[in-house]
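Following the hints, position chain B against chain A.
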Amino acid sequence: MTQTPRTTDARILVVDDERVNVILLERILQQDGYSKVRSTSDAYKAAALYDEFEPDLVLLDLHMPGLDGFAVMEQLESRTPRDTFLPIIILTADIRPEVKRRALAAGAKDFVTKPFDRTEVLLRIQNLLETRFLHLRLDRQVVRQGQGT
Amino acid sequence: MWRRYGDAAYTLVTLAIFGFETLALGWLSLSFLLGRATGIASTRVEGVLLATVTSTASALALLGLYLLTYHFTSSLRDRWHVERLDQWTERWIALALEDVPAEAAADTPRLRRLPRAAVDAVLSLLEVVKGDEGDRLKAVLARHGVDRLFLRQLQKGHLAARLDAIEGLGKARLPQALDPLLSLLQHPKPVVRRMAVRAAAGTLATMAPEPGRDGPGGRFIQALQGASLQPGVVQESLLLLETRAGVVLRDLMAEPDLDDSLRRVVLETTGRLGLADMAEEVAASTVHPDPELRAAAFRALHRLGSVPEGAQASLLAALDDEVDFVRVQAAHAAAFLSAGAVLPALESRLGDASWWVRRAAAASLARLGDDGVATVRRAAETHPDRAARDMAVQVLLETGVLDPAAARLVKGVA
Chain A
172 MTQTPRTTDA RILVVDDERV NVILLERILQ QDGYSKVRST SDAYKAAALY
222 DEFEPDLVLL DLHMPGLDGF AVMEQLESRT PRDTFLPIII LTADIRPEVK
272 RRALAAGAKD FVTKPFDRTE VLLRIQNLLE TRFLHLRLDR QVVRQGQGT
Chain B
271 MWRRYGDAAY TLVTLAIFGF ETLALGWLSL SFLLGRATGI ASTRVEGVLL
321 ATVTSTASAL ALLGLYLLTY HFTSSLRDRW HVERLDQWTE RWIALALEDV
371 PAEAAADTPR LRRLPRAAVD AVLSLLEVVK GDEGDRLKAV LARHGVDRLF
421 LRQLQKGHLA ARLDAIEGLG KARLPQALDP LLSLLQHPKP VVRRMAVRAA
471 AGTLATMAPE PGRDGPGGRF IQALQGASLQ PGVVQESLLL LETRAGVVLR
521 DLMAEPDLDD SLRRVVLETT GRLGLADMAE EVAASTVHPD PELRAAAFRA
571 LHRLGSVPEG AQASLLAALD DEVDFVRVQA AHAAAFLSAG AVLPALESRL
621 GDASWWVRRA AAASLARLGD DGVATVRRAA ETHPDRAARD MAVQVLLETG
671 VLDPAAARLV KGVA
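Protein sequence lines, in the order shown, are assigned to chains A and B.
Quick note: the first sequence, position 56, residue 227 per the working numbering, numbers continuous.
Quick note: the second sequence, position 43, residue 313 per the working numbering, numbers continuous.
Bear in mind the hints are in silico, worked out from the structure with no lab data behind them.
All values derive from a computational prediction rather than experimental measurement.
All C-beta atoms, glycine included, are put in the ideal place defined by N, C-alpha and C.
There is no bait here: all hints are sound.
Partner residues aside, some chain A positions facing chain B, computed with beta carbon under 8 Å:
#, residue
1, 192
2, 199
3, 267
4, 288
In silico lysine-lysine, BS3-like type, Cα no more than 30 Å apart, as pairs:
#, chain 1, residue 1, chain 2, residue 2
5, A, 216, A, 285
6, A, 280, A, 216
7, A, 207, A, 285
8, A, 285, B, 400
9, A, 271, A, 207
10, A, 280, A, 207
11, A, 285, A, 271
12, B, 400, A, 207
13, B, 459, B, 426
14, A, 271, B, 400
15, A, 280, B, 400
With the rest of the complex left out, here is chain A (with noise of 0.2 Å):
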């Protein structure tokens, strides 16, 4: 039977334009265990480094200058086969219910306000990280059932 990988061996991707917030947020995963986080602050060079990377979860601000959150949402998007579960983590001060609507039907499952609590994010990020790994899971057993059959 395979072993669910721990989540702090998930590789973690982190877009957001304040230099501030991606450092901060770097340093609050590293101290929790995390040690595969890449991060950028240009929005343009999210889907590269998105391929390049093949990240378990995005932490994604939704305001950023030229491209913004919901962009590069739809960039992910089209590069994510249609039944994997990427995780999104939206980082917003924006509390509207509307954008919070939005972001959801571009692809995104929680949200993080800014500010907010290290306890929270790293909450959030482990259960997102938990059901990926489990939809990995599931994915190789379709498959190696396939296989038998």
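Same frame as chain A, but now just chain B:
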């Protein structure tokens, strides 16, 4: 001219032009000098001309050099500032994420006064973190007297310094800054009032709730009522209250002497924030004598996606309101009543004189399940008013009930 996109290209073009002119003038100067040696520039007039050309060439060369140096040093300075900012950010993050009590944060580097980059870094971080981490960073500000400096500048500084201080306090969200910020809502300059109310709202959002008019929320409400602020600014500040918005909005709505324009903003914000548990309070304004307020109340109910039972009668009455924009908002909100209660009233609005009311009525009918869709379909085919038939067809098309071919057929039948 500087610090915009394309400034590098601008510098290159300017240098190319200046360089070309300098070369041409330099060559001219040289020719004159050589000519003087051979007797060409021998008269007094030629001498003056030679001096003019030479000085112009030198000035252009100097200006070109200045541009190049400015651009170079400016980039260098920017890079240095970013590096300093990153260093201080790392330092403050390390401090903020340490598992030590907030009081221990006072043991920060013993600098008499924090450099600008250090203050910028800690303020940027305070915009992002809260809880124990935020408290540790606030302790840094107190330790180095940054909070006191900002508070002093709020009262005494000139305008630019005062605005800087408001911005800084808005990021820091220090409880002790709430009252000084609220006092600025009476400032004669609108920009000061605007920035102060935003900073005060952000600060209030992080403070522990205290009931009553003397609590922070109560003081905020009183200051807001006495201030001259644009409705958009008030709405923005109410949105910045984050999780405290519900309590403040409810208290504002309960104010008996609340100004109509402020009440309208409160209704709009409640709708925008989707505070569905406040539907009853919102519904109370659906019978307000001011049509702007009635419309705002129905718009808010529409956004909340809920119409309390008590507001059903006022909504049905509003569908016949003499003011068209009230009818429009009431028709939108009617989608959240049961079909049985509202269907005939909405059907009659399909023949309204206003295009907007017809559209809202048809859209709401289409959302009322099978009975609503059947009503719109019947109207598309048999309504005596052509405008009503057209609107019904349009909504059926938009909701996918009819495809374009079927829509043409229905129009033909009608």
